[in-house]
Amino acid sequence: MIDMAIETRELSKRYGRVSALTGCTVSVPEGRVSGLVGPNGAGKTTLLRMLAGLASPTGGTARVLGGIPRQDPAFLADIGFLAQEIPLYRRFSAGDHIRIGAHLNPRWDASLVRTRLAELRIPLDQRVGTLSGGQRAQVALALTLAKRPRLLLLDEPVAALDPLARRNFLTTLTSAVADANGSLTVVLSSHLITDLERVCDHLILLASARVQLCGDIDALLAEHKVLVGPRTDTALIERTHQVVQTVSTASLSTLLVRLGGPVIEPGYQAEDVALEELVLAYLGAEDASAAARHLTTVGEDS
Amino acid sequence: MTWLVWRQYRAQSVIAFVLLVAFAAVILAGGAAVASHWHSMLVACSGRSACLQQLSQPASQAVVDAIQVVGLGVPAVLGVLWGAPLVAAELETRTSDFVWAQSVTRTRWLTVKVGWLLLAAAAWGGAVAGLITWWSGPNNALNANAFRPGQFDIQGIVPVGYAVFAMALGIAAGTLTRRTVPAIAIVLGGFLAVRLVLADFLRPHYMAAVTTYYSVTSSFTPSGAAWVFRQGGISPTGQFSHAGWGDVYPLLPAACQRLISEGPVASKSGPVSTLLSCMQTHGWRGIATYQPASRYWPFQGIETGICLVLAAVLIGLTFVIVRRRDA
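In order, the protein sequence lines correspond to chains A and B.
Take the first sequence: its letter number 214 is residue 214 in the numbering used here, and every next letter is one higher.
Take the second sequence: its letter number 229 is residue 531 in the numbering used here, and every next letter is one higher.
Just chain A, with the same shape it has in the complex (with noise of 0.2 Å):
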């Protein structure tokens, strides 16, 4: 049986009567490193603070590391958190930071974070203040991987990076998943699916504060396929197959469907999906939900 880094069930999450996340059941093996995407809203930031032990749940249960997300030495030690505005003390030095961190941890990596900040070429002794948002991105990175977590949790840590700051930044985190050789689980929140594909693979798709997909990106991408066939009736299709997505034009309808059996249609031609694509059908079929939800409260209103 292969072990569960994070296993929730049904977590949900309300600030007053607003629902910051709702029946979130997802699980991600040790080893994985998993996308968090979804819209601004959808709930990546509440999900990643609970897991973190930082946010605690009003509903349903995570089990991260194989306990319950808590205020404990030896499980805060296990977990390194980047949170989405690269929280790190202006007034002081990348090196000041690494002097906290080692004492702060119990197995703390210094010449991890020296050796990484001096390949990038960040100064140790200025304000981190005075770095560029891709320099603090790097040293905040390379201070949360020096805890030698088992678990890293990323929100957004590239949204405002440059094309390059963000490069650099997963290949710092990739070589890092790489390095610790099946032990490090990674969560890394972000919008761009791009980015995601080159590092990720195992996916979680949360939209209005549910969970859409999990899974590895492999096995969704083959439990997916896009037929492409007449614009006929497409009951048929519909009985066995979810269809996430339908496109039409006059005479040609384009499908993107979650398989529930072989491909038998006739008429249509099976086509593999990329993982843009998917991501996008299940966020555009969630959009369009919301909007028929919208029109039927409207209609119920009038």
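If you're looking for bench data, these hints aren't it; they were derived computationally from the structure.
Incorrect hints may appear among the rest.
[Claimed, not checked] If you want the footprint, here are the derived chain A segments under chain B, 3+ residues with CB under 8 Å:
no.	segment
1	54-68
2	84-91
3	104-114
Don't be surprised by glycine CBs; every beta carbon is placed ideally from N, CA and C.
Starting from the structure of chain A, add chain B where the hints point.
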């Protein structure tokens, strides 16, 4: 953790220490001059207070006022500059997400940080109070007023209690509001309010005041630096009057009033003692209500205790919020 606290506060500590040294230098230099001046005055007047009051005061009122402001203000300043941002600034700059993601629980983080800062408040508050207490020595001895509001608050151990309380108030307010600026407002308002309530409403009643009756023909002064609430005459029916003829006159029996309006006292030919004897004959007594000087330290202890209990409640609240609330 301690290293982190030191790293975060070392620059401010150095500045605060320099200010303390500067204050100490002023107090020690000024205090030595004041003490020697008092000493020579005491020798010159050989202890007669009337003589002493005619000589010029050794320290100008402006200096006395300035020292009083420092004594009253230092706790509030500590609460504003160190207490309010302790948690609030970390939340505002999101550095809480960095430090709370290290392998240290929030409880431990808060314990070490709060512990050191309360200690710092006690140390700085205590040092300032110690200097002011020393400086006030000659004045306390001569004017016997160390128990009075304005003196009591800035001497002894009470300022330490206030400093710890203000620090705790700042920490709790910053944790509650998550923002430094509103927390500062709460510290200033709350500290002033608590000080006002303690000094004006509670302090006189820490222990039941002593009331002494004495004959109006004799005089009475509570020994030492007692805190006198009221002193005057009291009629047989229990009406109190301060020792001023204008106040007393309407309350006096007609026989004694006559002594003032047309008798020997009015024409200043007779001694006041005639009137006092008349009052005594009609049942008047002297009365003094006061807190004896011997209660100075018990009162200091009680007020410090109240401050420390309030501080403990606020710190307890802070721990509950930091542990329970989402970061």
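Hints versus structure:
1. 54-68: The restraint on the segment 54-68 of chain A holds, since 3 of its residues have a Cβ under 8 Å from chain B and three suffice.
2. 84-91: As far as the segment 84-91 of chain A goes, the hint holds, because 5 residues have Cβ atoms under 8 Å from chain B.
3. 104-114: As far as the segment 104-114 of chain A goes, the hint holds, because 3 residues have Cβ atoms under 8 Å from chain B.
The earlier numbered hints are all upheld by this structure, with none contradicted.
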